[in-house]
Amino acid sequence: MTTPHLEDKPPKQGADDFIAAGHREADLQELPRREFATDPDVERMGDDFTLTWPADRVTLAAVSLREHHGELTALLTIARDGQDCHWGRLNLTATRSREELVKKLTHESPGLPWRRFLDRAAQLITEQFTATDPTVELIPQLGERDRYLLEPFLIEDAVSVLFADGGSGKGFVSLAFAASIRAAVGLPGGIGAAKKTGVLYLDWETSQRPLERRVYLLGRGFGTSITGIQYRRMTRPLVDDMPAIRADAARHGIGLVIVDSWAPACGEGPEGSDASTRSLNALRSLTSVSKLLLAHVSKVMADTRTATRPYGSVFNQNLPRSVWEMRGVQEEDSLTVTLYDRKENDAPRRKPITWRFDFSEERIRLGPGDIAEHADLLAGAKLPEQLAALLNLTGRTPEELADLIEPAPKLDSLRKALRRLETKGRAKKIGDLWCRA
Amino acid sequence: MNRWLAHLLSRAFDGSLAGEHREDLRRSTLTDETIAAQFIRSVPLAMLARLLGFDGPGIRSALLFPYRAPGGGFMDHVRIKVFPPLTDADGHTIKYLQPKGSAPRLYFVAGCLREVLEGEGPVWLVEGEKKALAVAQLGLPAVGLAGVEAWHVRASRSLIEDFDEIRLEGRVVELVPDGDVATNPNVSLAVRRLAMALEARRARPRLVELPREIRS
Numbered sequence: 000m001t002t003p004h005l006e007d008k009p010p011k012q013g014a015d016d017f018i019a020a021g022h023r024e025a026d027l028q029e030l031p032r033r034e035f036a037t038d039p040d041v042e043r044m045g046d047d048f049t050l051t052w053p054a055d056r057v058t059l060a061a062v063s064l065r066e067h068h069g070e071l072t073a074l075l076t077i078a079r080d081g082q083d084c085h086w087g088r089l090n091l092t093a094t095r096s097r098e099e100l101v102k103k104l105t106h107e108s109p110g111l112p113w114r115r116f117l118d119r120a121a122q123l124i125t126e127q128f129t130a131t132d133p134t135v136e137l138i139p140q141l142g143e144r145d146r147y148l149l150e151p152f153l154i155e156d157a158v159s160v161l162f163a164d165g166g167s168g169k170g171f172v173s174l175a176f177a178a179s180i181r182a183a184v185g186l187p188g189g190i191g192a193a194k195k196t197g198v199l200y201l202d203w204e205t206s207q208r209p210l211e212r213r214v215y216l217l218g219r220g221f222g223t224s225i226t227g228i229q230y231r232r233m234t235r236p237l238v239d240d241m242p243a244i245r246a247d248a249a250r251h252g253i254g255l256v257i258v259d260s261w262a263p264a265c266g267e268g269p270e271g272s273d274a275s276t277r278s279l280n281a282l283r284s285l286t287s288v289s290k291l292l293l294a295h296v297s298k299v300m301a302d303t304r305t306a307t308r309p310y311g312s313v314f315n316q317n318l319p320r321s322v323w324e325m326r327g328v329q330e331e332d333s334l335t336v337t338l339y340d341r342k343e344n345d346a347p348r349r350k351p352i353t354w355r356f357d358f359s360e361e362r363i364r365l366g367p368g369d370i371a372e373h374a375d376l377l378a379g380a381k382l383p384e385q386l387a388a389l390l391n392l393t394g395r396t397p398e399e400l401a402d403l404i405e406p407a408p409k410l411d412s413l414r415k416a417l418r419r420l421e422t423k424g425r426a427k428k429i430g431d432l433w434c435r436a
Numbered sequence: 000m001n002r003w004l005a006h007l008l009s010r011a012f013d014g015s016l017a018g019e020h021r022e023d024l025r026r027s028t029l030t031d032e033t034i035a036a037q038f039i040r041s042v043p044l045a046m047l048a049r050l051l052g053f054d055g056p057g058i059r060s061a062l063l064f065p066y067r068a069p070g071g072g073f074m075d076h077v078r079i080k081v082f083p084p085l086t087d088a089d090g091h092t093i094k095y096l097q098p099k100g101s102a103p104r105l106y107f108v109a110g111c112l113r114e115v116l117e118g119e120g121p122v123w124l125v126e127g128e129k130k131a132l133a134v135a136q137l138g139l140p141a142v143g144l145a146g147v148e149a150w151h152v153r154a155s156r157s158l159i160e161d162f163d164e165i166r167l168e169g170r171v172v173e174l175v176p177d178g179d180v181a182t183n184p185n186v187s188l189a190v191r192r193l194a195m196a197l198e199a200r201r202a203r204p205r206l207v208e209l210p211r212e213i214r215s
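Protein chains in written order, with numbering that gives the first Met the number 0: chain X, 0 to 436; chain H, 0 to 215.
Read the hints as simulated data drawn from the structure, not as lab findings. C-beta: ideal position from N, C-alpha, C; glycine also. Possibly wrong hints are sitting among the right ones.
[To be verified] Calculated cross-link-like contacts (lysine-lysine; reagent style DSS-like; alpha-carbon spacing at most 27 angstroms): (1) X:Lys350 x X:Lys298; (2) H:Lys99 x X:Lys11; (3) H:Lys94 x H:Lys80; (4) H:Lys80 x H:Lys99; (5) X:Lys350 x X:Lys423; (6) X:Lys11 x H:Lys80; (7) X:Lys409 x X:Lys428; (8) X:Lys11 x H:Lys94; (9) X:Lys415 x X:Lys350.
[Unchecked claim] What follows is a list of derived Cβ distance ranges for each label pair: (10) X:Arg231 x H:Glu168: 50 to 56 angstroms; (11) X:Thr51 x H:Met46: 54 to 60 angstroms; (12) H:Pro83 x X:Arg115: 40 to 46 angstroms; (13) X:Arg114 x H:Asp179: 22 to 28 angstroms; (14) H:Glu19 x X:Glu29: 30 to 36 angstroms; (15) H:Ala11 x X:Arg115: 54 to 60 angstroms; (16) X:Thr94 x H:Pro56: 46 to 52 angstroms; (17) X:Arg56 x H:Gly169: 19 to 25 angstroms; (18) X:Gly366 x H:Ala154: 45 to 51 angstroms; (19) H:Asp179 x X:Pro109: 30 to 36 angstroms; (20) X:Leu74 x H:Pro83: 56 to 62 angstroms; (21) H:Val171 x X:Glu98: 30 to 36 angstroms; (22) X:Arg348 x H:Ala154: 55 to 61 angstroms.
Could you build the full structure based on these sequences and the hints that come with them?
Listed below in structure tokens is the structure:
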């Protein structure tokens with residue numbers, strides 16, 4: 000910026016040139032004016048958009064948005080004075096497609112700046128649909144810990160996984176969560192929802208009627224009516240229906256989405272990392288919503304007595320914030336389930352939680368269960384928790400305790416675990432016997 | 000305020016205007032009254048670097064446009080027209096300079112300040128200080144923009160704070176950019192974004208379309 004330079008281009012002409020040419024105020028006032036396209040009012044429900052130009056009484060509704068190879072298409076309904084004048088899918092990012100629609104609209108409904116409307120609509124919808132979160136600086140600070148929608152199972156605005164072998168009762172447990180959130184009922188162990196919010200049940204496994212029956216019977220068991228759970232029967236992979244799900248979530252004020260179950264939700268190749276990460280990313284686009292994934296275990300793991308992992312990619316365990324394994328023991332009219340905390344990012348893992356469902360024709364009652372009553376449930380817990388459950392008031396020797404545990408632990412490990420329990424005030428030693436403190 | 004600017008705005012420099020500067024202002028139809036009211040004056044070259052914070056080699060002379068503050072007095076901000084124009088590394092012509100690192104400000108005109116700030120009728124937002132003064136001389140409430148991009152906060156599309164001083168809600172804002180708005184897509188985009196920012200304040204912007212070729 001240092002070279003003296005004489006311009007060779009003609010100077011830009013401005014207002015002073017106009018006035019210098021002898022024009023007066025009246026001439027300036029008489030110059031043509033161009034109005035700017037007034038922006039429409041934009042209402043967004045998930046991925047459904049409604050744009051309105053009130054002065055021109057024009058409404059444009061864009062639903063079923065799809066992004067493919069950098070192009071964005073939408074199903075448009077355009078109305079003037081409440082009368083539909085166009086319905087069809089439009090490539091919002093293609094000038095030629097918009098131009099064809101402008102011609103049609105201008106022919107059928109003349110006198111409106113359709114090009115301006117469509118261009119602006121396409122721009123606004125594309126900007127909002129493809130907007131990503133900005134990069135922000137992390138400020139080191141002692142912020143608050145995770146907030147729970149239902150502590151300790153559901154973290155607000157995060158993905159939680161509840162996995163178990165088929166028929167273990169995942170559905171009942173998830174409906175108990177929903178009941179607590181919708182009807183403010185307390186769950187055994189002093190567990191209760193932090194707030195009332197909408198629940199959306201995405202169902203790839205069963206159908207509406209059996210679920211409605213379960214919700215009804217659970218409600219009878221709780222002594223209340225559980226209403227307001229939204230249900231959506233799913234047949235396509237989650238990713239394909241995500242725009243509609245986002246719209247539903249916005250429309251119904253959803254705070255919890257239950258995905259039943261994760262493998263069919265992932266679509267083709269559910270055991271692979273592609274399907275898993277793609278589907279989890281799609282779920283992340285549901286902001287301010289807790290997500291509960293009901294997942295299975297592989298056949299091999301289902302037969303394992305120790306801790307297992309959800310079926311499929313390792314990302315099904317690694318990406319969610321909270322992962323709970325569940326095992327169930329079915330008896331004639333009851334189901335006892337234990338939930339084991341397999342992953343907590345920011346907090347120590349919780350102790351196993353055992354519930355018992357009692358079934359009758361009139362109701363399903365939910366109450367506390369005893370893990371010590373079922374060796375299969377006990378086996379899923381870590382050694383200290385198994386010991387804590389087996390300790391009684393009369394006392395047992397380490398050898399007796401070892402006999403009750405499958406597979407039997409080494410006595411050295413068992414004694415160490417007992418001493419740790421003693422330090423924490425959960426066990427006490429009297430002579431050779433260990434008792435519950 | 001920069002003490003050199005304060006010195007330049009003192010009475011000692013009243014009427015200090017080089018011949019080529021007066022000629023330049025006359026070409027924009029500015030009268031002596033307007034020039035005096037806006038404290039436009041020639042800058043001794045020795046003071047240039049002290050006003051700008053950097054040297055401007057090759058500059059033969061410089062013309063100062065102090066910026067009036069809407070609340071009275073002057074801002075600590077200036078624009079300086081340099082003679083002859085400079086060329087940057089990319090070949091762009093530079094006619095005006097402003098202090099190093101300074102953000103854009105609105106150029107308020109003394110004679111119509113109250114009407115601009117508080118009036119209900121249209122306000123004229125004109126690209127260029129001299130052009131805003133020329134419009135104001137016709138009796139219209141005008142404000143100058145230092146360029147078509149000089150209305151927003153850096154790296155943002157928010158209006159600069161000076162707009163807060165102007166009553167905008169429900170008011171027609173006549174936008175008068177240079178004629179290249181019709182031919183330069185970047186200018187056109189900047190003006191459209193300005194219009195959107197004004198609409199966000201519930202103003203009613205309109206583009207005043209100057210003729211492609213201005214004839215007497």
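Consistency of the hints with the structure:
The suggested pairing of Lys350 of chain X with Lys298 of chain X holds, with an alpha-carbon distance near 26 angstroms, which does not exceed 27 angstroms. Distance check on the hinted pair: Lys99 of chain H and Lys11 of chain X sit about 26 angstroms apart at the alpha-carbon level, within 27 angstroms; holds. Under the criterion of a C-alpha separation no larger than 27 angstroms, the hint pairing Lys94 of chain H with Lys80 of chain H is consistent with the structure, at around 6 angstroms. Restraint check: the Cα-Cα separation between Lys80 of chain H and Lys99 of chain H comes to about 15 angstroms, which is no more than 27 angstroms; the hinted pair holds.
Between Lys350 of chain X and Lys423 of chain X the CA atoms are separated by roughly 14 angstroms; this keeps the pair inside 27 angstroms, and the hint holds. Proximity of Lys11 of chain X to Lys80 of chain H is assessed by CA-CA distance (about 16 angstroms); at most 27 angstroms being required, the pair is judged to hold. A hinted pair counts as satisfied when its Cα atoms are at most 27 angstroms apart, and Lys409 of chain X with Lys428 of chain X qualifies at roughly 19 angstroms. Annotation: proposed proximity of Lys11 of chain X to Lys94 of chain H holds, straight-line Cα distance about 12 angstroms (limit 27 angstroms).
The suggested pairing of Lys415 of chain X with Lys350 of chain X holds, with an alpha-carbon distance near 18 angstroms, which does not exceed 27 angstroms. Here the CB-CB span from Arg231 of chain X to Glu168 of chain H is close to 44 angstroms, at odds with the stated 50 to 56 angstroms. The hinted range of 54 to 60 angstroms is satisfied by Thr51 of chain X and Met46 of chain H, whose Cβ atoms lie roughly 57 angstroms apart. Between Pro83 of chain H and Arg115 of chain X the Cβ separation comes to about 43 angstroms, which falls inside the hinted range of 40 to 46 angstroms.
Distance hint for Arg114 of chain X and Asp179 of chain H: a CB-CB separation of about 23 angstroms, consistent with the stated range 22 to 28 angstroms. Checked against the hint of 30 to 36 angstroms, the C-beta distance between Glu19 of chain H and Glu29 of chain X comes to roughly 34 angstroms, which is consistent with it. One distance hint, 54 to 60 angstroms for the beta-carbon pair Ala11 of chain H and Arg115 of chain X, holds here, with the actual separation near 55 angstroms. In this structure the hint that Thr94 of chain X and Pro56 of chain H lie 46 to 52 angstroms apart at CB holds, the actual value being about 47 angstroms.
Between Arg56 of chain X and Gly169 of chain H, the C-beta spacing of about 22 angstroms keeps the proposed range 19 to 25 angstroms intact. Here the CB-CB span from Gly366 of chain X to Ala154 of chain H is close to 59 angstroms, at odds with the stated 45 to 51 angstroms. Distance hint for Asp179 of chain H and Pro109 of chain X: a CB-CB separation of about 33 angstroms, consistent with the stated range 30 to 36 angstroms. Under the hint 56 to 62 angstroms, the C-beta atoms of Leu74 of chain X and Pro83 of chain H, about 59 angstroms apart, fit the expected range.
Evaluation of the 30 to 36 angstroms hint for Val171 of chain H and Glu98 of chain X yields a pass: the beta carbon distance comes to about 32 angstroms. Checked against the hint of 55 to 61 angstroms, the pair Arg348 of chain X and Ala154 of chain H fails, with Cβ atoms roughly 45 angstroms apart.
Checked against the numbered hints given earlier, the structure breaks hints 10, 18, 22 and satisfies all the rest.
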